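Engineer: Protein chains in written order, with my numbering: chain P, -18 to 206; chain G, 12 to 353.
No wet-lab data here; the hints were simulated from the structure. Careful: at least some of the hints might be erroneous.
Said to hold, decoys possible - Only some residues are given here: those of chain P computed to face chain G with a beta carbon under 7 Å:
#1 -9
#2 -7
#3 104
#4 107
#5 108
#6 109
#7 115
#8 116
#9 149
Said to hold, decoys possible - Residues from chain G shown here face chain P by an in silico Cβ test under 8 Å; the list is partial:
#10 50
#11 65
#12 92
#13 93
#14 120
#15 121
#16 123
#17 310
Owing to the predicted nature of the structure, the values given are computational and were not obtained by experimental measurement. Here a beta-carbon is modelled for each residue, glycine too, at the ideal position from N, C-alpha and C.
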Amino acid sequence: MGIIYQIFPNLEKLAPELIKCTGQTVQMVAVSGIISFFFGLFFGSLLIVTRKGGILECLPVYNIIDKAIDILRSIPFLILLFLLIPLSRTIVGTSLGVEGAYVPLIFGTVPFFSRQIETAIAEVDPGLIEASEAMGFSPIEIIFSVYLRESIPGIARVSMITLISLIGLTTMAGAVGAGGVGDFAIRYGYQLHQRDTIWISVIITLIMVSIVQLVGNFIIKKTKH
Amino acid sequence: MIELKNVTKTFNSAAGNVHAVQNVSLKIEEGEIFGIIGFSGAGKSTLVRCINLLEKPDSGEVLIDGNDIVKLSEKELRNVRRKMGMIFQHFNLMPSRTVYNNVGFALRKSGLSKEEKDKKIRSLLELVDLSDKTDSYPSQLSGGQKQRVAIARALANDPKILLCDEATSALDPQTTRSILKLLESVNKKLGITIVIITHQMEVVKDICDRVAVMENGSVVEEGRTADVFSHPKMPVTKSFIETAGNIGKIYELIKEDSPLTSLKPGEKMYMLTYTSVNTKDAIISYVSRTYNVNASIIFGNVEVLKDIPLGKLVVVFSGDKKDIDAAVQYIESVGIDTEEIK
Ligand SMILES: Nc1ncnc2c1ncn2[C@@H]1O[C@H](COP(=O)(O)OP(=O)(O)OP(=O)(O)O)[C@@H](O)[C@H]1O
Ligand SMILES: [Mg+2]
């Protein structure tokens, strides 16, 4: 323990604060991650089934979602943070703190994730869809039992990537007052020139990313045959 | 059982319209194995997909047991499809599910209890001889085994019709044979009507009771397998026969002016085609003696179409033109088709 405190002289004093900030990051990632996950699956699947030749082909729906994703993805996250302040106030009642970060984080994640899900689901062999239709399954059954089910390894892979980029976004949200590890690094590392706290933030982030990757790879390995 | 009336399907694309199926009318009887043969792009897949409406015809009727299924709602159509199995060239098994669960997947809407499903799945896997692969994943199976799983899956809901789109095209000849045997036994044991789409002459030859030949979206010839292939009318049909047995080689050799097919003056080359079993080589020596012509057999082949043998002989006659003509006439008179090929 002694040597760790030697390398990171500020750790002992800031430990409670660090734990709090890590908790905030985990909370932001978990809440907006879970919500984004469902939205992403929804929009990704919707893109696949409404596209040309899809099992519920509907080009107007496809085009609207497709364009909306492109537009949202082209807005830099930092600008999105400010842009969505009124919306966040309407939905969660605040634009501050951890809660205030949810809306921009979700808006920053869902378009990217929907696109990734679309790509993952698009890899499902069209022959499987044809076979399922021939067996008399309805579009809803095909979405859940074939499209989503068969692309679990792909979904796990893109979820991993998205989660990692979401961790990155939370640190940016931290910069505008949402708390979390990013906030910690800015307050103590940047503003108070305690360089070791920056390294501590890096290590915490690395650990989180590694856990995500570990779990993701485990799921991929278990579900790929 | 299955009746198509004036079924037409056109695909519109930027490159122009493709008339994949044009005004096809067919009647497939209950319990028969019906083949649809044609070269690539002839419209076979589109036609068979019109039978379970995976492809909606632009016009025409698709009658299953007398009901036009084109008029059904999506929901009713799904019920009809459940009573029609389909197997594919590339098997289309779900990679994330075991053999057992692939078959079980088809039983989802069957309304059977868990125990009944289990019993059903096991008996189906026994039928296709895969009881030892229950817990394997498709990626661990050979092509023939995958197709067996696909057949078990297609039979899960006790269909009355089984549609096969190039079901053996990805398999080697021996595996093809075993899959055809299985289909034949399914047809006999369970009385299931089977529609087979193929570009492989062997498939039609082995198990089809009747066959339709397709070209450019139309059925150009149709009838009992032995009849169609013993007396082909259309050039497509003839070219299938040529590609099937080695007899087609003779045409190539003639084209290439091979020494084997070179004729001396006064010689004529004929192709003799016979289907009846009691036709024997004695006829050749008989005409040779009676009509004073020499006959040498340079090529011979017997195919078995379903159960009927189809023999082909390539014979070179030499002698007087008058004698040869008389000999040929005699051969024709005993029911053997003759064709002067050189
Ligand atoms: N979805 C589609 N869109 C446009 N054209 C199509 C479509 N499906 C088939 N076609 C065209 O229709 C024609 C018939 O195709 P089809 O697949 O029925 O032929 P096939 O006889 O099954 O050939 P193969 O032996 O190669 O499978 C082809 O020219 C093909 O390009
Ligand atoms: Mg085809």
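Engineer: Now, for every hint given, state plainly whether the structure supports it.
Structural biologist: Against the structure, the hints:
1. -9: 49 Å, violated
2. -7: Residue -7 of chain P check fails; min Cβ-Cβ to chain G is 50 Å, beyond 7 Å.
3. 104: 11 Å, violated
4. 107: 9 Å, violated
5. 108: 4 Å, holds
6. 109: Constraint on residue 109 of chain P satisfied, holds at 6 Å.
7. 115: Result: holds, 4 Å to nearest chain G Cβ.
8. 116: It holds, given that the least Cβ distance between residue 116 of chain P and chain G is near 5 Å, below 7 Å.
9. 149: Residue 149 of chain P check fails; min Cβ-Cβ to chain G is 31 Å, beyond 7 Å.
10. 50: The hint is violated - residue 50 of chain G has no Cβ within 8 Å of chain P, the shortest such distance being about 22 Å.
11. 65: Check passed: Cβ of residue 65 of chain G comes within 6 Å of chain P, closer than 8 Å.
12. 92: This hint holds: residue 92 of chain G lies near chain P, its Cβ roughly 4 Å from the closest one there, short of 8 Å.
13. 93: 4 Å, holds
14. 120: Residue 120 of chain G check passes; min Cβ-Cβ to chain P is 7 Å, inside 8 Å.
15. 121: 10 Å, violated
16. 123: Result: violated, 15 Å to nearest chain P Cβ.
17. 310: 42 Å, violated
In summary, the numbered hints that this structure violates are 1, 2, 3, 4, 9, 10, 15, 16, 17.
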